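There are 2 protein chains.
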Amino acid sequence: MITRRQKELLGYIIAAVQAKGIPPTVSEMAKALKVRSKNAVAKLLYALEEEGYVKRDGTARGIQVLDEFGNEVRAGIQSVPLLGTVPAGGPIIVEQHVEEWVNLPNSFLRGRKDVFLLQVRGDSMIGAGILEGDLVIVKPTREVRTGDIVVALLHDEATVKRFVEINGRRYLKPENPKYQNIYPNDEWSVQGKVVGVIRQLE
Amino acid sequence: MITRRQKELLGYIIAAVQAKGIPPTVSEMAKALKVRSKNAVAKLLYALEEEGYVKRDGTARGIQVLDEFGNEVRAGIQSVPLLGTVPAGGPIIVEQHVEEWVNLPNSFLRGRKDVFLLQVRGDSMIGAGILEGDLVIVKPTREVRTGDIVVALLHDEATVKRFVEINGRRYLKPENPKYQNIYPNDEWSVQGKVVGVIRQLE
DNA sequence: TCTTATGGTAAACAATCGTTCACCTATATG
DNA sequence: CATATAGGTGAACGATTGTTTACCATAAGA
Chain R
0 MITRRQKELL GYIIAAVQAK GIPPTVSEMA KALKVRSKNA VAKLLYALEE
50 EGYVKRDGTA RGIQVLDEFG NEVRAGIQSV PLLGTVPAGG PIIVEQHVEE
100 WVNLPNSFLR GRKDVFLLQV RGDSMIGAGI LEGDLVIVKP TREVRTGDIV
150 VALLHDEATV KRFVEINGRR YLKPENPKYQ NIYPNDEWSV QGKVVGVIRQ
200 LE
Chain S
0 MITRRQKELL GYIIAAVQAK GIPPTVSEMA KALKVRSKNA VAKLLYALEE
50 EGYVKRDGTA RGIQVLDEFG NEVRAGIQSV PLLGTVPAGG PIIVEQHVEE
100 WVNLPNSFLR GRKDVFLLQV RGDSMIGAGI LEGDLVIVKP TREVRTGDIV
150 VALLHDEATV KRFVEINGRR YLKPENPKYQ NIYPNDEWSV QGKVVGVIRQ
200 LE
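Chains as they are written, first to last, in numbering that gives the first Met the number 0: chain R, 0 to 201; chain S, 0 to 201.
Worth flagging that the hints you see were computed from the coordinates, not collected in a lab.
Each hint should be verified, as a subset may be incorrect.
Identical copies look the same in the list; a pair holds intra-copy or inter-copy alike.
What the hints assert, rightly or not - Here are the simulated lysine to aspartate or glutamate pairs, EDC-like style, with alpha carbons at most 20 Å apart: (1) K138 - E201; (2) K177 - E27; (3) K172 - E98; (4) K19 - E98; (5) K19 - D147; (6) K19 - E48; (7) K172 - D155; (8) K19 - D66.
Keep in mind it's a predicted model, so treat the numbers as computed, not measured.
Construct all of the structure, not just a fragment, from the sequences and the given hints.
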């Protein structure tokens with residue numbers, strides 16, 4: 000529902016906010032789009048606002064870029080959803096399952112826009128330095144390699160384990176001698192790959 | 000070298016940036032300071048710029064707040080120094096020892112302004128889920144309690160260990176059976192307390 | 001073919017922007 | 001006392017702000 004030109008403008012606004020810290024003026028946008036009239040920008044902005052991509056307040060530089068959930072996009076930060084439960088089918092990030100929105104700096108995410116957070120339960124990964132209560136940053140993907148720490152869906156519950164593939168045989172390996180490997184007959188599916196760990200002490 | 004009134008204005012600008020995402024206009028600042036003339040604000044801004052607290056570019060809302068090191072202060076983020084080495088005496092955070100500035104969201108720091116980061120070397124804390132290469136968030140303090148994970152200076156080198164005090168006897172305990180406890184005769188001093196751990200995988 | 005949606009030019013508009021000027025009022029310091 | 005400094009009033013200035021209007025060009029659909 001958004002045209003190529005509108006997307007172009009939105010991209011520029013986001014880039015400008017990230018780079019300079021403040022949103023651009025209409026004139027600056029016109030210059031960036033190589034357009035001589037401010038009205039051309041005004042029409043694009045009107046369309047973007049109608050579709051809920053931006054919010055305007057009429058004052059100088061008074062443009063806020065909203066993400067797909069209507070939250071403000073700010074310089075250097077991204078809001079990342081902390082999921083309570085991970086649903087079995089369909090898209091992983093559903094508002095229903097979002098417990099909280101956590102701000103993370105862009106440098107953490109390296110440009111990825113689709114990551115989510117998950118709070119670790121249990122002690123099955125203490126050998127890999129992942130403790131109960133830790134937040135893991137997860138990049139949704141099904142393409143994982145041996146040695147990756149992954150988030151898998153096991154018996155309708157999200158679990159963090161190490162992924163291993165030997166001779167075409169794929170299994171999940173807990174990093175704790177108390178637990179046993181999980182083999183394919185247990186019905187599990189990889190949902191994503193852990194790309195970061197965050198722990199708050201005290 | 001900064002007056003009370005100037006500090007008041009600086010505080011408002013920072014608060015406004017954090018709250019709304021964009022810096023205030025001169026008129027908005029005048030209203031906030033309950034002042035009728037924009038010139039009053041202009042003079043305060045001139046003084047703040049002279050002292051290096053802000054930077055102006057003349058355009059609408061073109062004010063950047065700079066931190067004590069001249070870096071831009073942005074909404075929701077703080078720049079935290081990653082230290083290469085930890086000096087024995089004097090203030091811990093010296094520009095000389097700063098390897099890099101890392102952006103962390105305010106929610107991580109819980110309002111603390113004096114924390115720093117340290118990259119962990121070695122495997123002496125794997126039992127506590129702290130691996131080689133992890134970044135630890137450190138709050139500088141000498142007041143620590145049994146069980147706290149601390150940063151200590153041992154033989155002129157920074158080390159991360161667990162702090163234990165039993166019957167008035169204080170020692171450092173590595174969380175790895177390969178290493179032995181470190182007792183007072185080894186000459187060590189607590190520099191701070193670990194309040195967070197960050198790991199980037201992949 | 002007619003109509004609609006999208007994007008553009010050019011000009012004008014009032015409102016707001018930051019800056020500057022002359023002048024005033026305390027307060028502290030010599 | 002004289003003087004410098006910090007902070008303030010009020011007005012004016014030109015530049016920039018976002019918005020609006022009238023008109024044009026192109027492409028897609030009915």
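Numbers of the earlier hints that this structure fails to satisfy, in rising order: 2, 3, 4, 5
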